[in-house]
Amino acid sequence: MRTTDVAVIGGGPAGLSAAISAASLGAKVTLIDRNDRLGGQLIKQTHMFFGSQKQHASVRGVDISGILEEQLSKYKDNVEVLLNATVLGLYEDGVVTIEQGEEKYFKIKPKAMVIATGASEKVLPFPNNDLPGIYGAGAVQTLMNVYGVAPGDRALMVGAGNIGLIVSYQLMQAGVKVAAIIDAAPKIGGYLVHASKIRRMGVPIYTSYTVKEAIGKDSLEKAVIVQLDEKWQPVPGTERELDVDVMCISIGLSPLAELLWQADCEMKYVPELGGYVPARDEEYQTTVKGIYVAGDVSGVEEASAAMVEGQLAGLCAAKNLGFTSPDFEARRQDCIDQLNTLRSGPVGAKIRAGLEKLLG
Amino acid sequence: MLEKTGIPTEEQLKEVTPSKERLSRGPVAIIECFQEIPCNPCYTSCSTGAIKELVDINEKPEVDFDKCNGCGICISNCPGLAIFVVDESYSEDKALIKLPYEFLPLPEKGDMVKALDRSGQVVGQAEVVKVVNSKAQDRTPVIWIAVDKELSMRVRNIEMGV
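Chains as they are written, first to last, in the working numbering: chain D, 1 to 360; chain L, 1 to 162.
Careful: at least some of the hints might be erroneous.
[Unchecked claim] Cross-link-like lysine-lysine pairs, in silico, BS3-like; alpha carbons within 27 Å at most:
{"no.": "1", "chain 1": "L", "residue 1": "67", "chain 2": "L", "residue 2": "130"}
{"no.": "2", "chain 1": "D", "residue 1": "350", "chain 2": "L", "residue 2": "130"}
{"no.": "3", "chain 1": "L", "residue 1": "4", "chain 2": "D", "residue 2": "212"}
{"no.": "4", "chain 1": "L", "residue 1": "109", "chain 2": "L", "residue 2": "130"}
{"no.": "5", "chain 1": "L", "residue 1": "67", "chain 2": "L", "residue 2": "135"}
{"no.": "6", "chain 1": "L", "residue 1": "14", "chain 2": "D", "residue 2": "187"}
{"no.": "7", "chain 1": "D", "residue 1": "222", "chain 2": "L", "residue 2": "4"}
{"no.": "8", "chain 1": "D", "residue 1": "54", "chain 2": "L", "residue 2": "135"}
{"no.": "9", "chain 1": "L", "residue 1": "4", "chain 2": "D", "residue 2": "231"}
{"no.": "10", "chain 1": "L", "residue 1": "114", "chain 2": "D", "residue 2": "177"}
{"no.": "11", "chain 1": "D", "residue 1": "122", "chain 2": "L", "residue 2": "67"}
{"no.": "12", "chain 1": "D", "residue 1": "357", "chain 2": "D", "residue 2": "231"}
{"no.": "13", "chain 1": "L", "residue 1": "114", "chain 2": "D", "residue 2": "350"}
{"no.": "14", "chain 1": "D", "residue 1": "177", "chain 2": "L", "residue 2": "67"}
{"no.": "15", "chain 1": "D", "residue 1": "54", "chain 2": "L", "residue 2": "14"}
{"no.": "16", "chain 1": "D", "residue 1": "54", "chain 2": "L", "residue 2": "60"}
{"no.": "17", "chain 1": "D", "residue 1": "187", "chain 2": "L", "residue 2": "67"}
{"no.": "18", "chain 1": "L", "residue 1": "4", "chain 2": "D", "residue 2": "187"}
In short, the hints are calculated from the structure, not lab data.
Since this is a predicted model, take the numbers as computed values, not measurements.
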């Protein structure tokens with residue numbers, strides 16, 4: 001059977017970083033991604049990243065993907081990349097089954113693995129939420145920035161977190177009008193600089209609003225929004241009808257943790273981290289020895305943190321197999337320090353509360 | 001209020017606005033970043049040392065208006081597009097504003113465009129004085145516009161057309 005030292009499942013910011021750091025210690029790495037190119041969600045992120053230089057601040061996400069791929073290519077002698085390859089199962093004996101393309105099905109037995117499968121968009125229940133024209137905001141970002149397709153003419157953004165604010169801006173860049181951004185919470189959840197830059201383009205932001213219903217025959221024609229009171233209950237008579245043919249739902253992400261459940265990792269429900277997330281130690285090793293996690297699957301957070309988590313998990317996965325380097329301890333500590341710094345401010349409070357619950 | 005609308009309050013703006021005297025002396029950076037977020041490219045990109053070191057990366061940036069020469073390098077390095085340069089010494093009745101603009105088509109020198117405030121309302125007209133779009137700016141062009149002097153602290157965006 002095919003073997004490898006570290007199998008990394010998912011080639012987004014966390015997985016790429018994990019593969020680079022594990023390979024840098026000399027481990028043989030197999031990086032597996034279901035898409036036809038590496039980068040995960042980075043490839044559609046045309047905005048500049050926050051953070052510090054270590055996390056490529058001020059560089060656009062799509063370019064960070066290129067930087068990481070180039071770093072990975074330095075280790076091409078001990079890195080194998082499997083694209084169009086979906087991991088179907090993790091078995092008790094440590095075997096990973098993979099479907100590649102539509103023809104190939106094979107097994108691989110890694111000595112350790114880093115699961116970096118990311119997260120998926122949450123959906124919002126309301127009448128007619130299945131009408132064509134209603135998308136996840138991330139899906140619209142892919143449609144526009146990867147495939148060059150505008151989703152429609154006039155959009156309603158549901159959710160004023162960072163994804164909602166950023167995708168609203170990118171819709172405007174693509175020539176799509178944004179009728180409004182609404183959020184059920186009483187305050188804007190995303191970075192306020194993102195809110196200000198879309199506000200000064202004339203896009204209104206309505207907090208304490210939600211979608212009452214979508215209206216349309218064959219596709220979305222109108223959205224009805226309604227104000228919420230302090231108890232998040234609709235206020236009768238506050239309904240407003242918006243003429244939109246696109247609605248983007250951006251109310252949060254759920255970790256894509258199916259493989260972790262299969263592997264019997266201990267899972268905990270932590271709403272602050274997006275739902276069910278794996279219990280893990282400081283090195284991002286789950287309760288199943290040799291299975292590490294990084295990025296959104298271990299708790300939904302910014303991509304800057306995902307990259308550092310990936311570096312840490314990759315380093316530790318390789319180290320615990322016997323690979324090392326003189327600067328291992330310094331690099332490991334640097335990752336931990338970077339994560340603490342990124343999470344230390346007021347906007348990191350939710351993540352810190354979630355990690356407190358997870359790690360106890 | 002900023003957390004509900006995306007528009008900073010007068011009090012918040014007062015905290016980051018240079019004195020009338022400093023504004024009249026020449027170009028100066030104004031950073032409209034009112035939230036502690038983990039981010040520091042403004043500080044690392046500043047070559048005059050005018051943007052104070054962010055010892056904790058979550059600190060809000062602070063500009064030493066006496067050291068700032070209004071070069072504007074920070075404008076296209078700010079991931080939040082929250083930095084503007086204002087120069088009230090530009091002419092008798094006009095002020096110059098340098099602002100980030102990531103939309104196509106780009107305006108051209110000499111164009112008259114709509115001048116928008118922080119809520120996107122049209123508050124006047126602006127003349128495009130220069131369009132700076134170097135490789136170092138990495139696809140965040142900076143547009144220099146001249147507006148009536150009394151609008152120097154109100155105009156923060158443009159829209160094509162008059």
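Structure-based check of all given hints:
1. For the proposed pair residue 67 of chain L and residue 130 of chain L, the alpha carbon gap of about 24 Å is at most 27 Å, so the pair holds.
2. Simply put, residue 350 of chain D and residue 130 of chain L have alpha-carbon atoms about 43 Å apart, too far for the 27 Å limit, and the pair is violated.
3. For the suggested pair residue 4 of chain L and residue 212 of chain D, the alpha carbons sit about 20 Å apart, so the restraint of at most 27 Å is met.
4. Restraint check: the Cα-Cα separation between residue 109 of chain L and residue 130 of chain L comes to about 5 Å, which is no more than 27 Å; the hinted pair holds.
5. For the suggested pair residue 67 of chain L and residue 135 of chain L, the alpha carbons sit about 26 Å apart, so the restraint of at most 27 Å is met.
6. Proposed proximity of residue 14 of chain L and residue 187 of chain D is supported: the alpha carbons are some 22 Å apart, at most 27 Å.
7. Proposed proximity of residue 222 of chain D and residue 4 of chain L is supported: the alpha carbons are some 24 Å apart, at most 27 Å.
8. Distance restraint check for residue 54 of chain D and residue 135 of chain L: the Cα-Cα separation of roughly 22 Å lies within the 27 Å cut-off, and the hinted pair is therefore satisfied.
9. At roughly 17 Å between alpha-carbon atoms, residue 4 of chain L and residue 231 of chain D fall within 27 Å of each other, so this suggested pair holds.
10. Proximity of residue 114 of chain L to residue 177 of chain D is assessed by CA-CA distance (about 18 Å); at most 27 Å being required, the pair is judged to hold.
11. Restraint check for residue 122 of chain D and residue 67 of chain L: the C-alpha separation of about 48 Å exceeds 27 Å, so the hint is violated.
12. Among the hinted pairs, residue 357 of chain D with residue 231 of chain D is consistent with the structure: their alpha-carbon atoms are about 25 Å apart, no more than 27 Å.
13. Simply put, residue 114 of chain L and residue 350 of chain D have alpha-carbon atoms about 40 Å apart, too far for the 27 Å limit, and the pair is violated.
14. About 41 Å separates the Cα atoms of residue 177 of chain D and residue 67 of chain L, which puts this hinted pair outside 27 Å; it is violated.
15. Straight-line distance between C-alpha atoms of residue 54 of chain D and residue 14 of chain L comes to about 33 Å, which puts the hinted pair past the 27 Å bound.
16. The straight-line distance between the Cα atoms of residue 54 of chain D and residue 60 of chain L is roughly 19 Å, inside the 27 Å bound, and the hint therefore holds.
17. Among the hinted pairs, residue 187 of chain D with residue 67 of chain L is inconsistent with the structure: their alpha-carbon atoms are about 36 Å apart, more than 27 Å.
18. This hinted pair checks out: residue 4 of chain L and residue 187 of chain D have alpha carbons roughly 5 Å apart, not beyond 27 Å.
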